[in-house]
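Asker: Based on the hints, put chain B in the right spot on chain A.
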Amino acid sequence: MITLDDVSKRYPNGTYALRDVDLHIEPGDFVFLVGSSGAGKSTLIRLLIREELASTGRVMVDGGDVSRLSRGNVSKLRRKIGVVFQDFKLLPTKTVAENVAFALIVTGHEGRVVREETDRVLSLVGLSQRRDHFPDQLSGGEQQRTAIARALVNRPRILIADEPTGNLDPVTSWEIIKLLTRVNELGTTMVMATHNAEIVNALRRRVVHLDHGRVVRDEREGLYAA
Amino acid sequence: MSAVHGFMRNPAMSIASTFTVTLMLTLFAFFMTADRGLQAAVAVLEGKVELALFIDDGAKVSDILALKSRIEADPAVARVDYVTKEQALQRLQDVAAKRPDFTLADISTNPLPASLEIKMAEARQAKTLAEQLRAEIGKGVVYDVIDNPQVVDQLLTITRVLSVGGIAILVMMLFVALFVIVNTIRIAVHARRDEIEIMKLVGASDWFVRWPFILEGMIVGTLGAVISLAVLFAAAGPVTSVMVDFLDVLPVSFGPQFAAELIGTVFGVALLVGAGGATLSVRAHLAK
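Residue numbers (my numbering), protein chains in the order written: chain A, 1 to 226; chain B, 1 to 288.
One chain only, chain A, in its complex shape:
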């Protein structure tokens, strides 16, 4: 599903964000990216959604080389990848349902499809009752679930979460993680960057540890720290 082949990312000022990274993620995998701030987790995620291009090496997502995508195909790639952020990135002037529907509308869907798919993901994340609330009327966990619903509404093959629990209290964090594991069980490949050791250690999933841009550890059923 995802393959990084000897990937390095060097910024114009000469620093390396990623160095010689080889990584292969199978469809349906659940992968934690761990490592201290600045280790390269966010850069890796930005390469996957082609917000940035690798300096050297090859990034393959769903069978295609992302560096070779035309402008039009970049948007198609992003429809295959749902992304969730620490700060939710919801539009404050839109309701929960509108925030979710937005992702369908801007990818060219209309009317009935938008309504049905929005209802589907809202019930999946348990927000059907809150559909007409605005983001500032929601708790942090509810906002993140809205963001997850939006990420899922285009039925992506991959869900990428960058510190999805970073702004949430422990109880709410667990709700979000449970939701993400369920999404993964339904077949979506999961890549999650996190600093939350408790969650990583409890779940015992694959752990990819980055340090100064290099993969220093890659374990099945790994722990947060070696």
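The hints are simulated quantities; they were obtained by calculation from the structure and are not laboratory data. Wrong hints could be hidden among the right ones.
[What the hints assert, rightly or not] Which bits of chain A does chain B cover? Going by a derived footprint, with three or more residues having C-beta under 8 angstroms, they are:
#: 1; stretch: 8-16
#: 2; stretch: 189-202
[What the hints assert, rightly or not] Chain A residues, not near chain B, derived (Cβ > 10 angstroms throughout):
#: 3; residue: 37
#: 4; residue: 63
#: 5; residue: 178
C-beta atoms are modelled at their ideal positions from N, C-alpha and C, and glycine is treated no differently.
Answerer: Same frame as chain A, now just chain B:
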């Protein structure tokens, strides 16, 4: 819809850019009209320009006709008429008959010379031709050359200054208008940067993101075009009469065909500038 919202979101900036575009388009339309008027004037005057060659009374008809066909061979010349002494006198008598204040003295001899009247096809060549023909004076056929191309000369100068100066001013105005539109739309883009970021994140195509802003630019352009054309047509009457007074002979009146052309061109320029400016300002946000 969101394009209209965008226009309303920052009314001061939108009005400022509409005003700038209006100004640019009004100037543009003015130059276009003035240029067209002067072209018509030049064309009319070119048809009227004549050189007259007065023929020496002693000249042989064969020499006169030879000279005539030589002049006719010049591509800048439209027509050459040979006016004999008798025809010249007849003309004078005709004119006199129509003017009661003008009586001819009884003349037994004909004092008028025969002449060649030259109609120019290209008025700007009249001077050169006159110079050439003056070289013939004193060789037995030509005794004087009368030319009066100053009017055309002046008109051509005005046209040239107007088109060079006009183009320079227009290019400057175009840049100003583009600059203002780019900045107006940039503010609109900035106000919606979160929305754009999310659009791109969930896989909206570039065009989907771009369209509302391009529409907004086109709204600015269209408003500018409407206002400037309204101003122009309101001013058309008074301006035309001033022009006619000023340039006297000129038939400066434009038919519906020119009006349609003007409206089409002004709207075309307006939409291009609006859409172009918007495209430029969105481009930075789509670069990734």
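Asker: Looking at the structure, which of the earlier hints fail to hold?
Answerer: Numbers 1 and 2 - these are the hints that the structure violates, sorted from lowest upward.
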